[in-house]
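Peer 1: Below are the chains, spelled out letter by letter.
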Amino acid sequence: MATRKMKRSRKSAPAATQAPAPRIARVAKGKKPQYFSDPAIDKLLWMTVTLMEELSVTRDRLDAVERLLAKKRVLRANEIDRWKPDAKSATERDVRRKAFVDRMMRAVHAELDEVLRTSHRGAEDDPVAAVES
Amino acid sequence: MKGFKQHALLPTPQHDEQARQDFVGALRGHLSARVMPGNYQLFERRVAPRFEAEQGRPPADEQEVRESMTREPYYQFWSALQRRSQELLWESVIDPTEREWQTLIDKSRGVRSARRRGSLRLNPDLPLPRYHAAADIHLQPGGYHTDFRADDVAAGAIYDKGINLYMGGALGSENDLMGNTLVAYLRERHPTHQPKKILDLGCAIGNSTVVWAKAFPKSEVHGIDVGAPVLRYAHARAEALGAKVHFSQQNAEQTDFPDESFDLVISHIVLHETSKSALVRILAECRRLLKPGGLMLHLEIPRGRTPIEKFMHNWESYNNNETFSRYMTRIDLLAEARKAGFTQREIALEEFVPKMDIAQMNYTQHFLWKILVARKAGVV
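Line by line, the protein sequences are chains A and B. For the first sequence, the numbering used here begins at 1 and goes up steadily by one. For the second sequence, the numbering used here begins at 1 and goes up steadily by one.
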């Protein structure tokens, strides 16, 4: 999916002056709880669930591909095992792979983002204070 | 999701987007059926007996349960997984919404320029209450209020599919469970009340408002909310579903409707998203807006009876940006209604179990709604 978005934004951005396309936020505002005594465990579990999801999606997609190919009688036995990507395919696969790693590593990025945000803009609004007033 | 109505304002997920939503459904279904109940078992078999052995008495309140339970690795792991499943839920809905963003905006503009039943009135100068601005409710990125671009409806589309996933489809084919529950309550307990004008407070995408418009087709039905993108979406959605609703961007603490405008003022699981002072102001505004003999009905989520139930119910408050919800557990709603000007004879707090199936419960296996009821004195 990240690949598709990148392709689209490359095509639709002919001039360097064009403003970046608007995006919907992916992270909610508010204090993030810590569940374990070691915050690294929180991050590892966060990443594990993300990985579970991505694997589930990939298995579903592969299942769809194989069923479609079998139905259309285009795929022979062992054909995938023997296949090697050409240069263009390899590049596209690289982009997708990097986007996946980037998404997986958000738990790590978030800590630095938090440090930068609080040091530059001061503390966020306190949700508890907001409802107590 | 099985049985969810794919109306015109919802994006159609592509393969991987659907697979993501399916995973979120599978994960949350597993957490609620197989992992969450373990917290109750853990408490009964290990945490409570240990507490009793040390203190010579069982945990007295939610806070004592909290201090013990949050140290339990099982609870910690469930919490972290539940939290991540909530984040993934929104992400899985945001992706298809962003891909079909322009189409959704065009469709909602089309509705507004076409012949329509209801109306939409926005107020860009309306201040956003702090209880919306401080944290994104339910972890929905941008909350109900953020316009990520002009004429945005994304927050509405995300919320619509998001709450369907949140309850594993149990909110019904049009997310109409809460509306149906409150309509059923009115018909069962107040069968002679025939409202001519109805106001739904904090209506968001109008999923409950539409239920009222369809249940009372001859009534004039209004819905208000502070969020512009959810209201644009609500208007287009109501038109797509053939319901006549007048939506306006207003704060329920102070509306621009004249005194004694409505026979029925309602809200559906809204009060616990506000604040201590806002709650009283909203109830006072309800009283002002009601005609003599008019009814106020606020549907609220169950808060649990035992300390462990209260602790589990409040998970959302501490972990899902429902900050005020924990205070609602301790607030006497009838006392707040009296502060707002209602007399003791006008008000009641009722419990109501709808005759409907609840397929997926995230925090409890028992479902019971609370309804804050007021009938304003005077003759209709």
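The hints are simulated quantities; they were obtained by calculation from the structure and are not laboratory data. It is possible that some hints are incorrect.
[Said to hold, decoys possible] Ranges of calculated distance between the beta carbons of each label pair, as one might list FRET restraints:
id, chain 1, residue 1, chain 2, residue 2, range
1, A, Arg-26, B, Leu-334, 19 to 25 Å
2, A, Pro-33, B, His-30, 19 to 25 Å
3, A, Gln-18, B, Tyr-40, 53 to 59 Å
4, A, Leu-62, B, Lys-5, 43 to 49 Å
5, A, Val-65, B, Thr-103, 24 to 30 Å
6, A, Val-95, B, Arg-121, 44 to 50 Å
7, B, Thr-306, A, Ile-80, 32 to 38 Å
8, A, Arg-59, B, Asp-256, 50 to 56 Å
9, B, Leu-368, A, Val-65, 44 to 50 Å
10, B, Asp-256, A, Pro-33, 19 to 25 Å
11, A, Asp-81, B, Leu-128, 52 to 58 Å
C-beta atoms are modelled at their ideal positions from N, C-alpha and C, and glycine is treated no differently.
Peer 1: If a hint holds in the structure, say so; if it does not, say that too.
Peer 2: Hint by hint, here is what the structure shows:
In this structure, A/Arg-26 and B/Leu-334 break the distance hint of 19 to 25 Å, their C-beta atoms being roughly 42 Å apart. A hinted range of 19 to 25 Å holds for the C-beta pair A/Pro-33 and B/His-30, which are about 21 Å apart. Here the CB-CB span from A/Gln-18 to B/Tyr-40 is close to 55 Å, well matched to the stated 53 to 59 Å. In this structure, A/Leu-62 and B/Lys-5 break the distance hint of 43 to 49 Å, their C-beta atoms being roughly 30 Å apart.
The supplied range of 24 to 30 Å is met by A/Val-65 and B/Thr-103, whose beta-carbon atoms lie about 27 Å from each other. The hinted range of 44 to 50 Å is satisfied by A/Val-95 and B/Arg-121, whose Cβ atoms lie roughly 45 Å apart. With their beta carbons about 56 Å apart, B/Thr-306 and A/Ile-80 fall outside the hinted range of 32 to 38 Å. For A/Arg-59 paired with B/Asp-256, a C-beta distance near 54 Å keeps the hint of 50 to 56 Å intact.
With their beta carbons about 47 Å apart, B/Leu-368 and A/Val-65 fall inside the hinted range of 44 to 50 Å. Checking the proposed 19 to 25 Å range against B/Asp-256 and A/Pro-33 shows it is violated: the Cβ atoms sit about 39 Å from each other. Restraint check, A/Asp-81 to B/Leu-128: a C-beta distance of roughly 57 Å satisfies the suggested window 52 to 58 Å.
The earlier numbered hints that this structure contradicts are 1, 4, 7, 10.
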